[in-house]
Structure formats: structure tokens, C-alpha cells
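Visitor: The primary structure of each chain is shown beneath.
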Amino acid sequence: MTTQAPPRPAATARDSGKTKLGETMLDVRNLKMYFPVHQGIVIQKKVADVKAVDGISFYIKKGETLGLVGESGCGKTTTGRAVLQLHRPTAGEVLFEGTDLTKLNSKQMRTLRRQMQIIFQDPYGSLNPRMTAGGIIGEPLVIHGLAASKKDRLDRVAELLTTVGLAPYMRDRYPHEFSGGQRQRIGIARALAVDPGFIVCDEPVSALDVSIQAQVINLLESLQEKFQLTYLFIAHDLAVVRHISDRICVMYLGKTMELASREEIYENPLHPYTKALLSAVPIPDPIADAKRERIILTGDVPSPLRPPVGCVFHTRCPIAIDTCKQVIPEWREASPGHFVACHRV
Amino acid sequence: MTTNGTDKLLLDVQDLRTHFFTQSGVVKAVDGVNWQLAEGETLALVGESGSGKSVSALTVMRLIPSPPGKIVSGKILFQGHDILQMSQKEIRAIRGNKIAMVFQEPMTSLNPVLTIRRQLTETLELHLKMNKKAAKDRAVELLLMVGIPDAARRVDDYPHQFSGGMRQRVMIAIALACDPKLIIADEPTTALDVTIQAQVLEVIKDLSERFNTAIMIITHNLGIVARFAHRVNVMYAGHIIETASAKDTYGNPAHPYTLGLLQSVPRLDEPRKSRLVPIEGSPPDLTNLPKGCPFRPRCTFAIDRCAEENPPLMLVGEKHWAACWVDVKTRRPRP
Ligand SMILES: Nc1ncnc2c1ncn2[C@@H]1O[C@H](COP(=O)(O)OP(=O)(O)OP(=O)(O)O)[C@@H](O)[C@H]1O
Ligand SMILES: Nc1ncnc2c1ncn2[C@@H]1O[C@H](COP(=O)(O)OP(=O)(O)OP(=O)(O)O)[C@@H](O)[C@H]1O
Ligand SMILES: [Mg+2]
Ligand SMILES: [Mg+2]
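So the protein sequences, as listed, match chains A and B. Take the position in the first sequence, starting the count at 1, then add 605; the result is the number in my numbering. Take the position in the second sequence, starting the count at 1, then add 10; the result is the number in my numbering.
If you are wondering where the hints come from, they were derived from the structure by calculation, not from laboratory data. Each hint should be verified, as a subset may be incorrect.
Stated by the list, open to error - Listed next, the stretches of chain B that the computed footprint assigns to chain A, with coverage defined by at least 3 CB atoms under 8 angstroms from CB atoms of chain A:
id: 1; segment: 96-108
id: 2; segment: 142-149
id: 3; segment: 185-191
id: 4; segment: 287-294
What the hints assert, rightly or not - Quick list of in silico lysine to any residue cross-link-like pairs, SDA-like style, CA-CA up to 25 angstroms:
id: 5; chain 1: A; residue 1: Lys880; chain 2: B; residue 2: Arg282
id: 6; chain 1: A; residue 1: Lys708; chain 2: A; residue 2: Arg735
id: 7; chain 1: A; residue 1: Lys666; chain 2: B; residue 2: Arg282
id: 8; chain 1: A; residue 1: Lys880; chain 2: B; residue 2: Glu280
Stated by the list, open to error - Far from chain A, some chain B residues (derived; all Cβ distances over 12 angstroms):
id: 9; residue: His91
id: 10; residue: Met176
id: 11; residue: Leu271
Keep in mind that this is a model prediction, so the values were computed, not measured. In this text, a Cβ means the ideal position worked out from N, Cα and C, and glycines have one as well.
With the rest of the complex left out, here is chain A (with noise of 0.2 angstroms):
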């Protein structure tokens, strides 16, 4: 069945990863991510800063999955790329099994790239439209010299057409002759051809049907289970988000808000901005979700721009004080493993 994970060689790359299950695979410490802004049509000067991702840390153990979610915009595929260094931050680490990757040059950078793969947000843009489903799942085998032969890579290809619930036959198709959630499943094929260890999944089941959602949920988790794999799972879905992560970290306008295990962060949110997030879930039943008391935010998001002083988040809080206006929240830990940035918790 499609839920059940392919066999593999022995040898792959996590096999040489150094970390063992449990330990932290990926730190990221004080993460900044800005993108100058221009202006002018002749000379070109930079007037400002979007900042995209404002001073983040947070640590992820290996065979372990951080959920990150949060409003739109708020940085999160930023975030994804930036640790992965598809965008080169602009300060703070990011310690990948104890190697700092920001201080690594492309060439090193590329070596490791295979131990690192992120599943993308966009099925459309993401895929060569030029080249067969095949020839995109079978892409990276070549690359990193995968397959010893050619009937290999077409066996190899096939298998994972499979597992991501999709048919082999399908391997002579191009990108536009599949259906937008079949599209999404040829890039997650193609991310799981190298063996990562790390898997950046930025939204990758918000463009599937729901009866393959959970399929690939089972199958995410799955492949998890037998590889001890690592994600960091972007996603707007807070059920999903909370049926696949370990730990929890969200949000808001390019800063951390608030991070806890799983159990913590349903039962006892502690940021008004997390019990937000969790009133507004729509819950599959007309009945059921009428009864729900719903906290709607006021207000706009704020630009990246120009974010608000002080809290970031104050401009939307029902419970904002004058101090909330001024300082910085700290990020300080709660309780054991609960992080929160709020004056008022």
C-alpha cells in the first residue's frame, strides 16, 4: 500500500549523519533574514529593509518534527529557506549537526545540500515543465550519482511514484497533464529520492485532496518512523499541524510568539495570539463548528516594513497594555520547553 515506506539500501547518507535520535540535529540561533528594498529607476538605492525574518531561534532533535505556523507573510517559507541557505541570512547561525551552514561556502554548501531537502508550498512553479515526472523524480539520482545504472534510476523512479501514492505508468507524463495535488506528490517523490535526513515541508499536503492529506500524513510519518527522518513542517493547517508535530513554534510577523510541545500548545496556549490561531480553525461540521467560540482579530497585519514598536503583535491584541506598545517582549521559557514572548503572560 501507499502508506508503506519502499525498501532502501543500507547505505545511505543518514546513516553517516552524526547525531543520534533524540539529540539536536538543526540550532538556529538569533536567525535574521532582511531584503533590501530599492527604489529609483536609474540608480538604484536602497531605502529599507523588509524584514522577513527578525532574530528566531529554535532547535529541532533528530527524528523529531517542529510544526512552524503562522499568518501569511509572517516569514515562515523565509525561515525554511534561510536555514537550508536557498536565501543566505543575513545574521544569526544555523548549527546543521553542529556545522555552522552560514559559514560555508556554495561548493561545501552543495555537498550537504543532500542530507537537506525541502518539499515547496508551490506545486506549479517547482516543477520543469519541460521535463517528464520521470526525468524530475530521477533528476536528483543523477545528480548525486544515486543509480548504478539506468534500469536503477527507472526502478527507483517507480518505486516512488508508488509510494507518494501516485502509479509508474504516470512516469512518461509532463507537469501540466497532472492535477495540482498530483503535482505536489511528484515533489515530495522528489525530495525523498536522495534519502534526506532533514526535510524542510513547506505546506506540502495544503494542495492535496483530504484522502490523500491523510495518506501522505501516514506516509510523512511513516518514513519518519523507519529512517529517523527530521522535519520542519510549515503549515496553515493547525489540525494537521498539530496531528504531525512533536513541538509547535509560532508566528507573527517575522518573530517567534510562542513554542511548546504539541500537548502545550492546544491545551494551554499562552500567547493571545496562539488562542487566536486556535478559535479560528474551521471545524468539518457545520453543527459542531457553529457552537465554537471564535476570537476574530481587529485590524490589519502590519507591514514587514515598518513592524510596530515594542510587541509586534500589540496593534492586534485584545489584551495589549501600555508596556506592549514600547518594549520588546523577552523570549523567555514559561515553564520547562514552554517558550512565550508576552508581557501579560
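Chain A is already provided as a structure; the job is to place chain B with the ligands on it using the hints.
Guide: Same frame as chain A, but now just chain B with the ligands:
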């Protein structure tokens, strides 16, 4: 949610078939569907990936690429006039004006070399014959309406400078620009997080109620459907396999596929399960459908008859139809 007040028919789709003639065979993406949409009504289209939801929407807009696509048969009556018989000129006057569409993929539907402002003013100048100045002001207003922060400044940005969610809100702003009679929204909030999703959908719903705009929303988020739709069409392999009010779809599903869908989603109001319960198996190959019911290979309710005859939609309750030979409540064949 209950059905809305007016029952005036806006869209009447009859025996519609859209096929793709590809090298690997004929893909019967939409294969004989019938559905109606009343003025001001919100209809949700849910279903399997590849079941023909987007193709249904594109067919109504006459945007099927041809070749390989072809609308093989059917009628699409919009305010009584058959869209399929209209000239290119007539259809262009309707598209983006009386019928607006929000696409699934915001990056490919926004023009990357035009500023956000230009993409909005183009629609306003073309369809509403606004002058440049008025169109500019309206563009900022529309962006504010869909919750783009700092709209006056960011209106001169290019699409790549916006996040996925922000681009999607721009698409919604463009769709709203001309006060359409019908908005077809294909996964409009997929890239949005919940607080903005809630806001954007409230905006769409509010406009729908205020201007009596009908909405056809394609989504796989069953929570959104529960909160916003009046009626639900469930699609599988090019067919509508169940159609009912939102209340009946959730409270009283009559097709094994619908039932499976509802069971496979994690719910925040219930304890976490160790494993989700998916519908097993793969989506069907549309070029090579099995004889009988296309869902049979994945169905846990199947009986012998399912392998022989594809069930038609049968009345199973008030304004509730399902295409299944089996009564899922009793597991007995339907009489
Ligand atoms: N290449 C870029 N140049 C300039 N600004 C950028 C760039 N990429 C992202 N941004 C800005 O950085 C901020 C964060 O964007 P990002 O794509 O990380 O958000 P996100 O949390 O993934 O949002 P979504 O949920 O909508 O995908 C946004 O304000 C966006 O406009
Ligand atoms: N241009 C095309 N050429 C060939 N086949 C196509 C084309 N466009 C769509 N199809 C096929 O038509 C079927 C229906 O596709 P459609 O995009 O409507 O699916 P969908 O229900 O919207 O799925 P999703 O939920 O994944 O978006 C699919 O099997 C798809 O492969
Ligand atoms: Mg993103
Ligand atoms: Mg679609």
C-alpha cells in the same frame, strides 16, 4: 448554514462533458454532470484530486486549452444564455466582469512583469471604463478590503515581492473589482493561514450577501465548506457522486467516498488520533476507468453490482442525491 432566500436560477449546467485527447488516451475529466446554482447561493465543489473540479470551473469560463481539451457535449446556461454557444467577443465581455475567477495558483495567474496596481487598474479600466485616477484610488481600496497591510505603499510592488497568501488576496481583489454576479474560486484560501482565511472568507461572504453574488468555491478544506457553503457537490472521476445541503453532507453522508473524506481529516475538537484513517488506494486513471463504479476499487462497501453498473445519482433524501447502489447506514443494497 441554511439555503439562501432567492431561488432564482443563475447557472444551469446540463449533461456537461469535457474531455482531453492526450497521447496516453482520452481523459474524461468531466463526464456528464448536471448542477444548478441560484443567485446569491454558495456552492462548494469538493472531491478527489484530479476529479475534474478545476476543469469544471475552467469550462464555465470557457478557458479549456484546445487542443488537447474539448467540450464534447452539454449546455451551460448563465442567466438563460448558453455560454457554450457564445462568440469569443461575448464571452470576453462576461469573463472577469459578470463571472470572475480566483485561480488555484496565484503566482502563475498574476503577471510577473506588471505591478500589483497595474493588474487591478487594467480590469477596472477595461470592464468598468474607469478613468486612470479613479482606477488607481479604487485599486488601493480593494487591497485594503482584502487586508493587504500598508496597501498605499505596497500597491506598486511586483508579485514576487508578496508572500503566497498576499498574492492570493490580490487575486481576490481583482475578482471583486467589477461586482460580478458569480465568483468562481478555485482553492482561494489554500495558501492562507486561518485568521486571514477567516477574514478573506468573511469578506467574500459579506459581499455575496450584500450584492447577491453567487459563489462556486472549490476547496478540499471541509471546515471551510461547513462554515460557508449552502450546498455541496462531491466529485469523483469526472462525475458528481453526491449532492446535498451542507448540513446533510456532514450529518448524513450517503456515498462511501464522502463518508471516507469526513473520516480522514484530523479535527481540533476531537482527541488526536495516532494515525489518520485515509481512503486507501490511488486516484483512478481517467483514461482507463474500470467497468462499473469508478470508486469501487477503493470502496469498503462494494457489492457485486458495483463492478457491473455505474450507479446514477439517486434521490436519498430531501434535495439530497447520491450515486451508490448501497445504503451506507445499513450496508444493504438500495431498493
Ligand atoms: N525575495 C524577496 N524579496 C523581498 N521581500 C520578500 C522576498 N521573499 C519574501 N519577502 C517578504 O518577506 C515576508 C515573508 O514572506 P514569506 O514568503 O516567508 O511568508 P510566509 O510566512 O511563508 O507566508 P505564506 O503563508 O503566505 O506563504 C513577506 O512580507 C514577503 O513579502
Ligand atoms: N491540459 C490537460 N491535458 C490533459 N489532461 C488534463 C489537462 N488538464 C487537466 N487534465 C486532466 O483532467 C483531470 C481533471 O483535472 P482537474 O485539474 O480538474 O482536477 P481537480 O479536481 O481540480 O484536482 P485538484 O484537486 O488536484 O486540483 C485530471 O486527471 C487531469 O490530469
Ligand atoms: Mg510560505
Ligand atoms: Mg484543481
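Visitor: Any of the earlier hints contradicted here, and which numbers?
Guide: Hints 1, 2, 3, 6, 10, 11 contradicted; others consistent.
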